[in-house]
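Chain residues, written in single-letter form:
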Amino acid sequence: MFDYMTLRLIWWAILGLLLVGFAVFDGFDLGVAMLHPFVAKKDVERRVLINAIGPVWEGNQVWFILGGGAVFAAWPPLYAASFSGFYLAMLLVLLGLILRPVSITFRSKREEPRWRATWDWLFFVSGALPSLLFGVAFGNLFLGVPYHYDQWLRLIYEGGLLGLLRPFALLCGLVSVTMLVMQGASWLAGKSEGEISERARRAGAVAALLLVIEFIAAGLWIATGIEGYRIETEIAYNGPSTPFGKEVMIGAGEWLLNYARQPFAALAPLAGLLGAIGASILLATGSRLAILASSVSIAGVVATAGFSLFPFLMPSSSHPGQSLTVWDASSSQSTLGLMLVAVIFFLPIILAYTSWVYWVLRGPVTEAAIERGDDHYY
Amino acid sequence: MFELDVVSLSRLQFALTALYHFLFVPLTLGLALLLAIMESVYVMTGREVWREAVKFWGALFGINFVMGVATGVTMEFQFGTNWAYYSHYVGDVFGTPLAIEGLMAFFLEATFVGLFFFGWKRLTKVQHLVVTWLVALGSNFSALWILVANAWMSNPVGAVFNPQTMRMEVTSFKEVLFNPVAQSKFVHTVSAGYVTGSMFVMSIAAYYILRKRHVEIARRSLTVAASFGLASALSVVVLGDESGYTTGESQKMKIAAIEAMWETEPAPASFTLFGLPDLKSETTKYAIEIPYVLGIIATRSLDKEVEGIKPLVLHAEERIRNGLPGYKWISEQGGRPNVVVPAALEGSMRDLGYALLLKRIRPDIENATREEIVEAAHSVVPDVPVLFWSFRIMVALGFYFIALFGVAFYLSSRRRCGAPWFLKMTMFSLPLPWIAAELGWIVAEYGRQPWIIDGVMPTFLGVSDVPASNVAASLAAFVLFYTALAVVDVALLVKYIRKGPHVPESGPTPQPRAGALPVAAE
Numbered sequence: 001m002f003d004y005m006t007l008r009l010i011w012w013a014i015l016g017l018l019l020v021g022f023a024v025f026d027g028f029d030l031g032v033a034m035l036h037p038f039v040a041k042k043d044v045e046r047r048v049l050i051n052a053i054g055p056v057w058e059g060n061q062v063w064f065i066l067g068g069g070a071v072f073a074a075w076p077p078l079y080a081a082s083f084s085g086f087y088l089a090m091l092l093v094l095l096g097l098i099l100r101p102v103s104i105t106f107r108s109k110r111e112e113p114r115w116r117a118t119w120d121w122l123f124f125v126s127g128a129l130p131s132l133l134f135g136v137a138f139g140n141l142f143l144g145v146p147y148h149y150d151q152w153l154r155l156i157y158e159g160g161l162l163g164l165l166r167p168f169a170l171l172c173g174l175v176s177v178t179m180l181v182m183q184g185a186s187w188l189a190g191k192s193e194g195e196i197s198e199r200a201r202r203a204g205a206v207a208a209l210l211l212v213i214e215f216i217a218a219g220l221w222i223a224t225g226i227e228g229y230r231i232e233t234e235i236a237y238n239g240p241s242t243p244f245g246k247e248v249m250i251g252a253g254e255w256l257l258n259y260a261r262q263p264f265a266a267l268a269p270l271a272g273l274l275g276a277i278g279a280s281i282l283l284a285t286g287s288r289l290a291i292l293a294s295s296v297s298i299a300g301v302v303a304t305a306g307f308s309l310f311p312f313l314m315p316s317s318s319h320p321g322q323s324l325t326v327w328d329a330s331s332s333q334s335t336l337g338l339m340l341v342a343v344i345f346f347l348p349i350i351l352a353y354t355s356w357v358y359w360v361l362r363g364p365v366t367e368a369a370i371e372r373g374d375d376h377y378y
Numbered sequence: 001m002f003e004l005d006v007v008s009l010s011r012l013q014f015a016l017t018a019l020y021h022f023l024f025v026p027l028t029l030g031l032a033l034l035l036a037i038m039e040s041v042y043v044m045t046g047r048e049v050w051r052e053a054v055k056f057w058g059a060l061f062g063i064n065f066v067m068g069v070a071t072g073v074t075m076e077f078q079f080g081t082n083w084a085y086y087s088h089y090v091g092d093v094f095g096t097p098l099a100i101e102g103l104m105a106f107f108l109e110a111t112f113v114g115l116f117f118f119g120w121k122r123l124t125k126v127q128h129l130v131v132t133w134l135v136a137l138g139s140n141f142s143a144l145w146i147l148v149a150n151a152w153m154s155n156p157v158g159a160v161f162n163p164q165t166m167r168m169e170v171t172s173f174k175e176v177l178f179n180p181v182a183q184s185k186f187v188h189t190v191s192a193g194y195v196t197g198s199m200f201v202m203s204i205a206a207y208y209i210l211r212k213r214h215v216e217i218a219r220r221s222l223t224v225a226a227s228f229g230l231a232s233a234l235s236v237v238v239l240g241d242e243s244g245y246t247t248g249e250s251q252k253m254k255i256a257a258i259e260a261m262w263e264t265e266p267a268p269a270s271f272t273l274f275g276l277p278d279l280k281s282e283t284t285k286y287a288i289e290i291p292y293v294l295g296i297i298a299t300r301s302l303d304k305e306v307e308g309i310k311p312l313v314l315h316a317e318e319r320i321r322n323g324l325p326g327y328k329w330i331s332e333q334g335g336r337p338n339v340v341v342p343a344a345l346e347g348s349m350r351d352l353g354y355a356l357l358l359k360r361i362r363p364d365i366e367n368a369t370r371e372e373i374v375e376a377a378h379s380v381v382p383d384v385p386v387l388f389w390s391f392r393i394m395v396a397l398g399f400y401f402i403a404l405f406g407v408a409f410y411l412s413s414r415r416r417c418g419a420p421w422f423l424k425m426t427m428f429s430l431p432l433p434w435i436a437a438e439l440g441w442i443v444a445e446y447g448r449q450p451w452i453i454d455g456v457m458p459t460f461l462g463v464s465d466v467p468a469s470n471v472a473a474s475l476a477a478f479v480l481f482y483t484a485l486a487v488v489d490v491a492l493l494v495k496y497i498r499k500g501p502h503v504p505e506s507g508p509t510p511q512p513r514a515g516a517l518p519v520a521a522e
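Quick note, the sequences are listed as chains A and B, same order.
The first sequence runs 1 to 378 under my numbering.
The second sequence runs 1 to 522 under my numbering.
Certain hints may be false.
Unchecked claim - Under the rule of at most 20 Å between Cα atoms (straight-line distance), these lysine to aspartate or glutamate pairs were calculated in the DMTMM-like manner:
| id | chain 1 | residue 1 | chain 2 | residue 2 |
| --- | --- | --- | --- | --- |
| 1 | A | K42 | A | E371 |
| 2 | B | K495 | A | E111 |
| 3 | B | K304 | B | E265 |
| 4 | B | K499 | A | E367 |
| 5 | B | K121 | A | E367 |
No lab work stands behind these hints, which were simulated from the structure alone.
All chains should be modelled from the sequences, with the hints used to inform the complete structure.
In structure tokens, the structure reads:
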């Protein structure tokens, strides 16, 4: 069907698509969880927030699960290296992801204020922890991760949890948190009424402006303070997947080279900035379209990270030559081909029924409906 | 028994999280289908009582489902966090069914489960029914793909080792998908889920009938659960036998260990009903045997023999020796791109996994002594007494379920609910399907040891290079977390069961006569 090189490129694009899908859809769930203690004051308001994502968070989380499955299948060395390399960070993400569904489902099943307060707090943690750590993990990709391989391609990791918490990575964590708060607020603005909606708008407009500042700061930091990676030797685009047999050099400004080579790539950071500015304005003026602008911004930010790193997936700081790239960390050609067929077949179906479900569930969640107990409400 | 090294801790963590996840999965599978059946009856008859039944069991389904989702996320990512070398070595084959599970099944299930709860007023009756069926369909598809992946660990077909990339790569996805072990495991596992769901509904219904509460909904639910449960329990046993046959074909050691059969018996082999397997003397004491039965289960014939543990160990020794030249050659290539396996070594490559067994004993396995090879060969024997007993208890429970559902089905078809003692027995049988399911997991997965991928990769080799302290910390975190959640989950289920369904608005609940209950023609 396609040659190996093309398939690898397509799968790199699909990886990006899944990340964007995750950040856009699951992003507003995570954002709502983070906004929960600040936007909602009374019990019924908290229930409005939870029910604004109540019917859809399960479907949204599948973007993450599918992303994990796709990386496992299409980029097994990346799956192995990132999850074991970021072991304790991943553990914390997982604990967050376990906490979220249970706090949504369990919270309203008992009346006691202490019960509800406990789950409220855990719900906040379930949003904040993964949001921050995803960003930190991405930041570490730019900085390089200390690992290498032995002769049998066993991965040897040389860092620890605290090693991940470097200043630039923390800034990326902040970008991620702010971005998802913006997304959650934009969702809430359209999914609630009255005071809740207004508080969400204010919080979202501020978050969107903060995102613009942080995003620019991260860009400047990359341009001036962080060294990027470049493959020196000739690349075997169609070669077997092995991290051996190439040389990689590290130098200032390398992460920006792709924008010089392919100027259209600059559309990504532009979309990230303009989307956030747009979201901020739309939130301030009370438009329900803020969620669209915010989603464009998210897609731009994720694409910016992908375009900057390309063709690297996970650079090795201790043994740069063994860094994982698009050309040497993929599955076999037949696996990539087969899974592409599966994606082409199923993704449109998924998008179709997901749109239908959102259409059925359209309209704001009101305090009155929850107090009436009309239908199933958390 | 366990040393606190990375391998043991990772295994313990995987086993604990998998067994815990598997508390929720069978119930999800069974309840989803029961909900769909009950709602179909509602749509066909238009009687509100069925709608209330669906809503009531649906609320319990929701509490259980969310735990399944929460614990499932951990399972998927543990391959990467704790089994990094495994993930690298087999991701090309093993990752695909997981990805397709997400695409085909999990999206379906998770997207529509929200609508199941929130869509009662927004959808027409038929639309909502379709949504419920899609949830049930999604959870069954999910089981299919996860078991395709799982079965490949027991019977790794359709893939070969590629020395250029130092990993297993797909040669035929069709073989992976139509793996006979996957097919039989799938039907066996989902029927076990249906039994679990049916027992759950039937036990709680029996409790209500005993208490004379919510009788309208309870007796209807009991009828549905008894008939569905009987069909499922029958198929669990029949298909479990099919599973035994495919295991006999592909995993001779597992069968031999389940049977505690040390020597090869002349055909047809007999089935050991009872006995005390002894690892040291390699014999089974006080064995009570039923002639012919094992031969029929494992080979579907009376003239093929079933191999015993000792000859299989000798066979393993041979394969270890055979795999060593391939290992030596690969080590010399060192992951260099564009190497091609010499024809003379192709046979040796097939036994590479066996040679890797030596890695636990010494790193430079090329220089292993005769004694070390014998020691490695003996390591292919799984924990015989554990398998022997897990299997027997599981099978006994299987037959018990057939009897229990059979009686319940007979009674409910005669429009009776049975004597109080029978209802009590039904009520207290509630935990049994879970015990059977967990034991089944132990037979299948613990019985695969020492292999993470049978004959291809030993378990100890698959772990990540992470400090033992990290794994110990995560294990402790999971145990604490999961225990707390289990307590909350059970407490909530109990609360909802105590509260019971809404009383339907269509007329008061009729007072039942003791022991006999009329079932309306519906």
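Each hint tested on the structure:
{"no.": "1", "hint": "A:K42 / A:E371", "result": "13 Å, holds"}
{"no.": "2", "hint": "B:K495 / A:E111", "result": "12 Å, holds"}
{"no.": "3", "hint": "B:K304 / B:E265", "result": "10 Å, holds"}
{"no.": "4", "hint": "B:K499 / A:E367", "result": "25 Å, violated"}
{"no.": "5", "hint": "B:K121 / A:E367", "result": "17 Å, holds"}
Checked against the numbered hints given earlier, the structure breaks only hint 4 and satisfies all the rest.
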